[in-house]
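Construct the entire structure; sequences and hints are all you get.
Number of protein chains: 2
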Amino acid sequence: MSELTLYSYWRSSASYRVRIVLNLKGLDYVQMPINILGGATAKSLLNFKQINPTELVPVLIDGPLVLNQSLSIMQYLDETYRQVPLLPNDVGEKYRLLSMAQDITCDIHPLNNLRVLRYLDSNLRVSQDEKGAWYHHWIQVGFAALESRLKETAGKYSFGDAVTMLDACLVPQVYNAERFDVDLTPYPIIQRIQQALRSEPAFIKALPENQPDARLV
Amino acid sequence: MSELTLYSYWRSSASYRVRIVLNLKGLDYVQMPINILGGATAKSLLNFKQINPTELVPVLIDGPLVLNQSLSIMQYLDETYRQVPLLPNDVGEKYRLLSMAQDITCDIHPLNNLRVLRYLDSNLRVSQDEKGAWYHHWIQVGFAALESRLKETAGKYSFGDAVTMLDACLVPQVYNAERFDVDLTPYPIIQRIQQALRSEPAFIKALPENQPDARLV
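So the sequence lines, in the order shown, correspond to chains A and B.
Here the first sequence is numbered in the UniProt record's numbering, starting from 1 and rising by one per residue.
Here the second sequence is numbered in the UniProt record's numbering, starting from 1 and rising by one per residue.
Among the clues, some could well be false.
The list makes no distinction among identical chains, and a pair is therefore deemed to hold if it is satisfied within one copy or across any two copies.
To be verified - DSBU-like, lysine-lysine: derived pairs with alpha carbons at most 35 Å apart:
#1 K25 x K151
#2 K131 x K205
#3 K49 x K151
#4 K49 x K156
#5 K49 x K131
#6 K25 x K205
#7 K205 x K49
Please keep in mind that the hints were generated in silico from the structure rather than gathered at the bench.
Dropping the structure here:
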């Protein structure tokens, strides 16, 4: 087995998703932290552009394969390393789960990504309150839809009674919501699942504050 | 074979992607237009919320299965209806292609979606110029990265010499870019692929203006 390398940033929730999947599968990997905030490490960011022209983390290296986009990376890992399957076998159920994952990864998270918040600041000169309202809005809209869908799919976790790729997408999004003080009371199922996963070793190990590049303030 | 139903909107580029895939595979489907602009058909939008709580198109119905998110729908169709495969067999290549698709579907399109432009208008009260600059910015950033990646992957089309799911994602995004007068000169490969696909029947049939709910002005 070739060595896996993950280019990531501790607070990137897309990186956080992939770390959870790597941990659930018990895969060893080398972490290459990319400081997406720029500044002192702008040079490493420049080098990183050679690896991923979008300059976004995460990127997984597996032998000759260079893969960006967390959802592709997670699906690739699940199909390649078959221990602890994280998607249903049935094709319809599999894509129903992945649709819910994409409700998070395509419809909530990209709107609240660092580069977008920076654009709101620098180009649109919005106030801090307006930026906060933007951030809360997309989580609230997304979580309300997700909560109603979870009524049909959730068991012990978000899609039945086994941990799946959907849980690996949900937990980092809840982490972001809590970090920005979004009230989670309207989403009791999301809260319950988050509680259930909080003590799982694979999720603890993947926490942003437990990464080598974490800068706690 | 059960009848396929697609809830869609003529100008939704996520719907446009799925129409291309359905056409490439020669699948018949019934189209249920959802006017996402609201207004006169706000009632049908309310009913649609029962089908998809995110209120976003497209949604595919295939027998008992209800599936949202264009990427999940396209992958589901490709795995279920095996004629005209639209993804490579090799797992690494498949996810390399899907990563590039997600560079469009997760990192460009969600930022320029109707609901986001409306938020910029109503909540942040940006000017028309600022809204246009926002729209152009995310396409330009995304297309620049995509163009550099296409240098490695493009043949006759975006990923080799056969039409793939990546082409089904690229063409609707170029359509949007042209609609909003984004200069495509800096992206010669993207332009060339678009030209090559313009005359393909599956792509012509999927064009927004060729849909039953098209409202040409």
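For each hint, the structure was consulted:
| no. | hint | verdict |
| --- | --- | --- |
| 1 | K25 x K151 | both (27 Å within a copy, 34 Å between copies) |
| 2 | K131 x K205 | within (31 Å within a copy, 41 Å between copies) |
| 3 | K49 x K151 | between (41 Å within a copy, 15 Å between copies) |
| 4 | K49 x K156 | between (41 Å within a copy, 26 Å between copies) |
| 5 | K49 x K131 | both (28 Å within a copy, 28 Å between copies) |
| 6 | K25 x K205 | within (13 Å within a copy, 44 Å between copies) |
| 7 | K205 x K49 | within (28 Å within a copy, 38 Å between copies) |
Checked against the numbered hints given earlier, this structure breaks none of them.
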